[in-house]
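Participant: Sequence:
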Amino acid sequence: MAATGSGSGYTVRKKPRWWLIAAIVLFHILVLAGLARALAPDFTAGIVEDATSLITVTVTAPEPPPPPPPDVEPEPDEGASGEEGREATAREVMAPEPKVKIPPKQAAPKAASTGNANQSGARDRGDGTGAGGPGDGTGSGNGGNGSGNGISPIVSRPSLKSGSLNESRDFPTPRGGRQVRFGTSITVMFTVGVDGRARNCRVTDPGPDPATNAVLCPLVEQRLTFNPARRANGEPVAAEYGWIQRFGRK
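Oh and the sequence shown: position 247 is 247 in UniProt numbering, straight run, nothing missing.
Warning: the hint list may mix true and false statements.
Okay, the calculated beta carbon distance ranges per label pair [said to hold, decoys possible]: (1) GLU167 - GLY234: 35 to 45 Å; (2) PRO208 - SER164: 21 to 31 Å; (3) ARG175 - GLY234: 20 to 30 Å; (4) THR173 - SER152: 47 to 57 Å; (5) ARG175 - ARG231: 46 to 56 Å; (6) ALA22 - GLU63: 41 to 51 Å; (7) SER185 - GLU235: 25 to 35 Å.
It is worth saying that the hints were derived from the structure and are not from the lab.
Only a predicted model underlies this, so the values are computations on that prediction, with no experimental measurement involved.
Note that beta-carbon positions come from the ideal geometry of N, C-alpha and C, so glycine has one too.
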């Protein structure tokens, strides 16, 4: 303690108490920190996080050394010879005996005797009845020389019985007029049945107008009747017949 005189009195200078000052400062800091945490918690948490990040030290461990490469056996030379193999020994194999015995072949027996007679020897042909070929005699067939009752030949061909076709009335007028088909004709073939009607008509030689060609067969089958072909005994039979339709002047 020091004392200084000043006239009639003196002043005493006290030594500062540092621990008391530090306690007061620390108290104020704690009070301020508590107020800040209560009033602005996010702000204080950010300050604490920044403070801790400044003193954070990242320690990186060294990587382990790579494992040593595996031992690779050297490949043999392609031209080198391989190891010698063991000597092969053939094993004796016995064939099994067959269970079924095959009888020996026997020669065919010879003929008891030789000759051309029917009763002895191996003759090519024998005497007797059999299925012979055609012969002369009476019969019911077409062949042979006898008086048979065969199929009678056709003696008369079909012919027109009734009906006619008019080139102006029954046929359409071609494009360009009737002079288009002037001097031409159409040929058709058909079958005349036993009833005298035409069937299966078809154009064999057409004319210049397709429309006229198309109507001729229907007209023949519908407008015309015929006498059927007949055999010699008068029996009617179906036969082929032809019709030519000619076109003259208008």
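Participant: Tell me, in ascending order, the numbers of any earlier hints that this structure violates.
Facilitator: 3
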